[in-house]
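Student: Produce the complete structure using the sequences and hints provided.
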Amino acid sequence: MARLSWSSIALVLFLSVVFAVEVANAGGEGSLKPEQCASACNYRCSATSHRNPCIEFCNMCCKKCLCVPSGTYGHKEECPCYNNWKTKEGTPKCP
Numbered sequence: 017m018a019r020l021s022w023s024s025i026a027l028v029l030f031l032s033v034v035f036a037v038e039v040a041n042a043g044g045e046g047s048l049k050p051e052q053c054a055s056a057c058n059y060r061c062s063a064t065s066h067r068n069p070c071i072e073f074c075n076m077c078c079k080k081c082l083c084v085p086s087g088t089y090g091h092k093e094e095c096p097c098y099n100n101w102k103t104k105e106g107t108p109k110c111p
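FYI, in the numbering used here the residues of the sequence shown are 17 to 111.
Honestly, I wouldn't trust all of these hints.
In silico PhoX-like pairs for lysine-lysine, Cα to Cα no more than 20 Å straight-line [claimed, not checked]:
| # | residue 1 | residue 2 |
| --- | --- | --- |
| 1 | Lys80 | Lys92 |
| 2 | Lys109 | Lys92 |
| 3 | Lys80 | Lys104 |
| 4 | Lys102 | Lys80 |
| 5 | Lys92 | Lys102 |
| 6 | Lys80 | Lys49 |
| 7 | Lys79 | Lys49 |
| 8 | Lys79 | Lys92 |
| 9 | Lys80 | Lys109 |
| 10 | Lys79 | Lys102 |
| 11 | Lys104 | Lys49 |
| 12 | Lys79 | Lys109 |
These aren't lab readings, by the way, just hints derived from the structure by calculation. It should be emphasised that the depicted structure is a prediction, and the values quoted were computed from it without experimental measurement.
Tutor: Structure representation (structure tokens):
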């Protein structure tokens with residue numbers, strides 16, 4: 017009987033760790049499939065007055081990084097590849 021309870025505890029602990037890892041990685045690099053970039057970028061660029069260039073660069077960045085930060089502005093720390101890709105002038109390439 018003790019084996020059953022220990023194995024049950026071990027199973028619950030294992031599933032908890034797996035769930036925690038999945039939640040921690042949600043929204044991170046590689047979390048999107050290429051076909052999801054368009055909808056993620058449409059939302060990301062929905063609040064800007066420069067919508068077309070925003071969508072163009074966002075899609076380019078998403079296809080490379082497979083990640084788009086949450087929200088319409090900021091949160092770039094969620095996607096290091098997206099955040100660290102710079103232009104020749106050193107300004108952020110990704111919106």
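Student: Now look at each hint and say whether the structure bears it out.
Tutor: Do the hints match the structure? See the list:
For the hint linking Lys80 to Lys92, the alpha-carbon distance of about 15 Å falls within 20 Å, and the restraint holds. Only pairs whose Cα atoms come within 20 Å are accepted, and Lys109 paired with Lys92 is accepted, the gap being roughly 12 Å. Between Lys80 and Lys104 the CA atoms are separated by roughly 17 Å; this keeps the pair inside 20 Å, and the hint holds. Between the alpha carbons of Lys102 and Lys80 the distance comes to roughly 13 Å, so the proposed pair stays at or under 20 Å and holds.
The straight-line distance between the Cα atoms of Lys92 and Lys102 is roughly 13 Å, inside the 20 Å bound, and the hint therefore holds. Only pairs whose Cα atoms come within 20 Å are accepted, and Lys80 paired with Lys49 is accepted, the gap being roughly 11 Å. Our distance criterion of 20 Å between C-alpha atoms is met by Lys79 and Lys49, whose separation comes to about 8 Å. Proximity of Lys79 to Lys92 is assessed by CA-CA distance (about 16 Å); at most 20 Å being required, the pair is judged to hold.
Annotation: proposed proximity of Lys80 to Lys109 holds, straight-line Cα distance about 12 Å (limit 20 Å). In summary, the hint linking Lys79 to Lys102 is supported, as the alpha carbons are separated by about 15 Å, within the 20 Å threshold. Between the alpha carbons of Lys104 and Lys49 the distance comes to roughly 28 Å, so the proposed pair goes past 20 Å and is violated. Between the alpha carbons of Lys79 and Lys109 the distance comes to roughly 13 Å, so the proposed pair stays at or under 20 Å and holds.
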